[in-house]
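Novice: Residues per chain, in single letters:
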Amino acid sequence: MSLFLRDYLNVVWFGLAAVLVAGLLLGLAAAVRPSNPTREKLIAYESGVNPVGMGWSQSQVRYYVFALLFVIFDVEAVFIFPWAASIERYGAFGLITMLAFIILLLDGLVYAWKRGLLRWV
Amino acid sequence: MIAMLPVPAVDPVLDTESWWWQPLAIVGLKVLVVFIIGLVGTMFMVWFERKIVAGMQNRIGPDKAGPFGLLQTLADGIKLFFKEDLIPERSDRFVFKLAPFLAFVPAFLIWSVIPLGGDFTDGRDGTVEWFGQITRVQLADPPVGVLLVLALSSIAVYGVMLAGWSSGSKYPLLGSVRASAQMISYEAALGLSLAAVLMAAGTLSTSGIVAAQDQLTDWHLLSTGVVPFVVFLIAMTAELNRPPFDLVEAEQEIVGGFHTEYSSIRFALFFLAEFMNVISMSALLVTLFLGGPQPLLIGSFDLFAVLGPFGGTAWLLLKVFLFLYVYVWFRATLPRLRYDQLMDLGWKVLIPVALGWFLLLAALQLGRDNDLSQVGYVTLVIVCLVVLGLGYLLFTAAISVARRNRDREGAAY
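Line by line, the protein sequences give chains A and B.
The opening position of the first sequence corresponds to residue 0 in numbering that gives the first Met the number 0, with each subsequent residue numbered one higher.
The opening position of the second sequence corresponds to residue 0 in numbering that gives the first Met the number 0, with each subsequent residue numbered one higher.
Chain B extracted, bound-state conformation (with noise of 0.2 Å):
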């Protein structure tokens, strides 16, 4: 019989009957943090995927405002703030103000369940203990935290349609419903790709998934072989509408996409949302697969064990870095696909692929935690094809029918 498991543990400040100051506290920190390192690392992304792709093209880059131009986003941002703000008189007027928050709203919201630092090693679960209170140094810790990034980047996809639907004009409808084509389609294989993960650590939510990633050998990276990281990172960067895959703006084509009609600080909010994202799933893609806070120890040489307790978000932060330098350098390597080769990605490619793998290492799985007999083995195998067969002669079937359905009602097509 399947036995009842426990409930999953949630954040242990939580846990308590006695609500005084300390867990409201800590949770409006959290709030007030996560927020800081959310707006302020996007104004970083901005100025970083400037300065880099300058440097790839052979150019400066901004260098004017502050140290380096590291200013440079802020002065943007400040300048979009006194400029007009026109909503064009054929579009859908209060779709038009609700889009720029259903893409802004669920970039942020993202950042809750990431982990973002914490004692992993060794089996630990990586609470800390802040007022005396025992906490996650995570906003929200739900049992479910994966689906949740997975409901909330669905959202985004309104955000972005809905944008283009109600500007009232083409170049915006074209670009919305590219992108939201692009954005369901990978998200099929970001899904698959992501259910060899779970397999792998057993669990949904989010600190799990980075404290079964004790050793090297158990980062997901490796221990689901390189193929669902690499499904992953293909399908996130579309989803992200990232170069090679931002298709969604493309300028020569039509104009910018779905935000061709914004201007003023809404055309601010998509784009702060765009670049949030970006750090964001990085920060979900370094969780999945490469421990999150996780130390990479050389024999047992921590490098950042000098930091202490903040020795894990030093981890986090590097292997983010990583992942955005790999954005930038996508964007200035690669030249955009075409649709139909971004389709044909993503159908005939990367969904049966992480399907399949998804499949061998359910199997693979299966027989290390069994120890099935000789018998056990054949007779599964058996059975296993025995499946395959029937699927194969459903599927025969269907097209059969199918056809003899069109030659008595006339093809269509």
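For reference, chain A alone in the conformation it holds in the complex (with noise of 0.2 Å):
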């Protein structure tokens, strides 16, 4: 393995230590607790009264446009953080190249705020 994996191997090991944590708790929980479920029980929680409809009802369109919105900026990082690490090393030509980027992704977020879709209503 190569030395550059060999710190993410590190990072593998406490994340199955975490994982394994996790499930010694649950299964611990599990011998110890009791387990006696009736039907009101499982009923989803719904302010004490009969749940109505199904439980996955719809949610409004405009938080799936904000989700949206987020991959301009993720794009936006994927790109800005290796730049930002080495800004000298791409100096002027680097800056005026980022900075055409930069404006063409804000343009989708000043578009979107010019429609009215930042605008909760």
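Some clues are possibly wrong.
Computed footprint of chain A on chain B; a stretch qualifies when at least three of its residues, placed anywhere within it, have a C-beta under 8 Å from a C-beta of chain A [claimed, not checked]:
(1) 22–35
(2) 173–187
Partial list, computed: chain B residues near chain A (C-beta under 8 Å) [claimed, not checked]:
(3) R89
(4) F100
(5) P141
(6) G190
(7) A194
(8) Y338
(9) L354
(10) W356
In silico EDC-like cross-links for lysine to aspartate or glutamate, where the CA-CA straight-line distance does not exceed 20 Å [to be verified]:
(11) K347/B - E39/A
(12) K96/B - E83/B
(13) K63/B - D75/B
(14) K40/A - D91/B
(15) K82/B - E39/A
(16) K40/A - E48/B
(17) K78/B - D62/B
(18) K96/B - D84/B
(19) K50/B - D75/B
(20) K40/A - D84/B
(21) K40/A - E88/B
(22) K113/A - E48/B
(23) K113/A - D339/B
(24) K113/A - D406/B
(25) K63/B - E48/B
(26) K347/B - D73/A
(27) K50/B - D62/B
The set of hints was computed from the structure by calculation and includes no laboratory data.
By construction, the Cβ of each residue, glycine as well, lies at the ideal position given by its N, Cα and C atoms.
Join these two chains into a complex; the hints should help.
Specialist: Put into structure tokens, the structure is as follows:
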């Protein structure tokens, strides 16, 4: 295994340890806790009244719009981080290229803003 | 031409071909110690929050279990072990059981890249010697440690999101949709304010970022201007779903939010993850902006010099502690935001501010590093203005095309 990946191996060990501990907690609890489910206990909570309709109700589309907008900045982050970490190497040329890229993506945000997509009605 | 940089150094203890017990023992020891720190820290944080909020509200708070009520969290945890674990009949059983893991494991993993100690003063690289091996006081030091943290906080969104969705109930679903929209909105601002730090440090490795903050004036809190720090602090509070951004579990509106249907130890896992995230993200904030284990020297006097090699750890704990207090303070003082205010703050204030500040810093940094001639500066400014103008033209074109299409096809809204 390359040296580069060995550090990630540590992270994997740690992740496995975390999964193990969570599993142990759940397993231990399963061994000691009572289990006496009745029909009433398993009904979905709806402030004490019987649930109406499906649990998976439709939610508003405006949440979805924000998720789409987020993609703009996720793409941006992918390119900004490596550039920011080694900004001197790319100099003025890098700055202008990056400026053009950021402004292109910002156009997307400003467009959404102008069209009122950021307004929470 | 762009010169090739050497591959950033990894933890020196792993840089060996002769694998014997020392490297394995060190890695094992680190895993164990970081794990214990995480769990004990979380226990302490729950107690601390309850105690401080109680103090601010003129109550006593927990004081029965152990000295000063310190063992209250443990008592609550043990109680939860003996509680019945209910899985609602309309839930998606597999995802319902998976979600607590998705929340809990990333919360822990953030700890693995935080430098927990070591001597970074005077340009030292923070390595220590254990069992005759040179190593770092952090579990792993990947060259892109900061990206790893961002990736993990993205995975944590899945935990919340799937927990709410799989419950098959309305309040959790609402809570999880709110949570995912809020967390991704503020993640954008978080990332952009982070970019300013990366630019100042010139590296993505967490130990490298700490090493870059040697003097007080090098602390990224000051060297990037205070703006990225403030943006990061606000975005992080929202990312953690802490008050005043706790719309995800706004009790008055949606009961418990995404964990309404969870009971027993599954609920405890979410609870643990939430508080562990508070501590680990505070540690990240300290690492990025306040120099992590770097001492705050008064003249040349180091407050924790008496602790010797543990001085760095003591400084880190002190700084983290400060931010834990700030979070509790936020909770006790600030009323919860409305959802539209939350979105406006994220998209219309924090993101433009963070992005604008980042570009400003980039231009300043380049101006400092390259001694451009007078002509060079003028050309640079002109080119930038041309790019800005082109962007504006593109924008107006997009608006007019959209309007034309709407007129032709009839507006949907």
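Novice: Would you mind marking each hint as holding or not holding in the structure?
Specialist: How the hints compare with the structure:
1. 22–35: holds (count 5)
2. 173–187: holds (count 9)
3. R89: Holds, because the Cβ-Cβ distance from R89/B to chain A comes to roughly 5 Å (cut-off 8 Å).
4. F100: 6 Å, holds
5. P141: Because about 4 Å separates P141/B from the closest Cβ in chain A, which is inside the 8 Å limit, the hint holds.
6. G190: Holds, about 4 Å.
7. A194: With Cβ-Cβ at 4 Å, under 8 Å, it holds.
8. Y338: Holds: closest Cβ of chain A sits about 6 Å from Y338/B, inside 8 Å.
9. L354: Hint holds; L354/B Cβ to chain A Cβ min 7 Å, cut 8 Å.
10. W356: It is violated, given that the least Cβ distance between W356/B and chain A is near 12 Å, above 8 Å.
11. K347/B - E39/A: 46 Å, violated
12. K96/B - E83/B: 15 Å, holds
13. K63/B - D75/B: This hinted pair holds, its Cα atoms lying about 12 Å apart.
14. K40/A - D91/B: The hint holds at about 16 Å.
15. K82/B - E39/A: 17 Å, holds
16. K40/A - E48/B: 32 Å, violated
17. K78/B - D62/B: 17 Å, holds
18. K96/B - D84/B: The given pair, whose Cα atoms are some 11 Å apart, holds under the 20 Å limit.
19. K50/B - D75/B: Holds, at roughly 15 Å.
20. K40/A - D84/B: Given that 20 Å is the threshold and the Cα spacing comes to 10 Å, the pair holds.
21. K40/A - E88/B: Cα-Cα ~9 Å, so holds.
22. K113/A - E48/B: With Cα atoms ~42 Å apart, K113/A and E48/B exceed 20 Å; violated.
23. K113/A - D339/B: 16 Å, holds
24. K113/A - D406/B: 17 Å, holds
25. K63/B - E48/B: OK: K63/B and E48/B at ~16 Å, within 20 Å.
26. K347/B - D73/A: 17 Å, holds
27. K50/B - D62/B: Judged against 20 Å, a Cα distance of about 9 Å means the pair holds.
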